[in-house]
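K.L.:
Below, each chain spelled out in residue letters.
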Amino acid sequence: QSGLTQPPSASGTPGQRVTISCSGLSSNIGSNPVYWFQQLPATAPKLVIYRDTQRPSGVPDRLSGSKSGTSASLAIGGLRSEDEADYYCAAWDDSLSGWVFGGGTKLTVL
Amino acid sequence: QVQLVQSGTEVKEPGASVNVSCKTSGYPFTAYYIHWVRQAPGQGLEWMGWINPNTGATKSGQKFQGRVTFARNMSITTVFLGLTFLTSDDTAVYYCARAPTVVTLDENWGQGTLVAVSS
Chain D
395 QSGLTQPPSA SGTPGQRVTI SCSGLSSNIG SNPVYWFQQL PATAPKLVIY
445 RDTQRPSGVP DRLSGSKSGT SASLAIGGLR SEDEADYYCA AWDDSLSGWV
495 FGGGTKLTVL
Chain A
137 QVQLVQSGTE VKEPGASVNV SCKTSGYPFT AYYIHWVRQA PGQGLEWMGW
187 INPNTGATKS GQKFQGRVTF ARNMSITTVF LGLTFLTSDD TAVYYCARAP
237 TVVTLDENWG QGTLVAVSS
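Chains as they are written, first to last, in our numbering: chain D, 395 to 504; chain A, 137 to 255.
Isolated chain D, as found in the complex (with noise of 0.2 Å):
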């Protein structure tokens, strides 16, 4: 079952802006909308944008969602200790007629 592909990691000190990316296919990304995921260690996965761009409620506005074509990508603002964790983006696929999920990122605040 093929996957979305994402950066296995990456970084950034306090206060930076750091971005992560996620690409996929047209029967995926590029014809559905793309969640995120954040999932700190052995916790369940917590929905921080849906639908693209959208945060539910009490998902702070530093974290915000974009999508183009078949990429998307999550980018987190005016970064935080506690922002460091897995993240995983997640699409509905037409053809597979199922999800899939990127293999994940790992954000570490240095």
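Any given hint could turn out to be false.
Among chain D residues calculated to face chain A with C-beta under 8 Å, some are [stated by the list, open to error]:
| # | residue |
| --- | --- |
| 1 | Asn426 |
| 2 | Tyr429 |
| 3 | Leu441 |
| 4 | Pro450 |
| 5 | Tyr482 |
| 6 | Ser491 |
| 7 | Gly492 |
| 8 | Phe495 |
| 9 | Gly498 |
Everything labelled a hint here was simulated from the structure, so no lab data went into it. Glycine residues also receive a C-beta, built at the ideal position from the N, C-alpha and C atoms.
Starting from the structure of chain D, add chain A where the hints point.
P.N.:
Showing chain A alone in chain D's frame:
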């Protein structure tokens, strides 16, 4: 408030079967789909399939077809995941996740259930 509470850790031998439950509360049980997603140790998220608690309709990912079942008990607002012929590759944390439709997800996930397969 919306809650999805999953059953506890399971330890199984290769070749065995496992059932994981996901007790829902705080919302109309039949109004939302439930997806199942798993995560092997140190690995990423993997979608397994969904169940429509209203109709009982289910769909599994191709990788799991023939080996996975999804069920629901409306009287106790609980959904179930069953997986047969377990191997060490099935060692993972299994999550249930609520969804307004098949092609959407929302922020309500279970806490996860560890299934460990070992001889």
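K.L.:
Determine for every hint whether it applies to the structure shown.
P.N.:
Here's how the hints hold up against the structure:
1. Asn426: holds (6 Å)
2. Tyr429: Check passed: Cβ of Tyr429 (chain D) comes within 6 Å of chain A, closer than 8 Å.
3. Leu441: Holds. Min distance 4 Å.
4. Pro450: holds (5 Å)
5. Tyr482: holds (6 Å)
6. Ser491: holds (7 Å)
7. Gly492: holds (5 Å)
8. Phe495: holds (4 Å)
9. Gly498: holds (5 Å)
Going down the numbered hints, you'll see the structure goes against none, and every one checks out.
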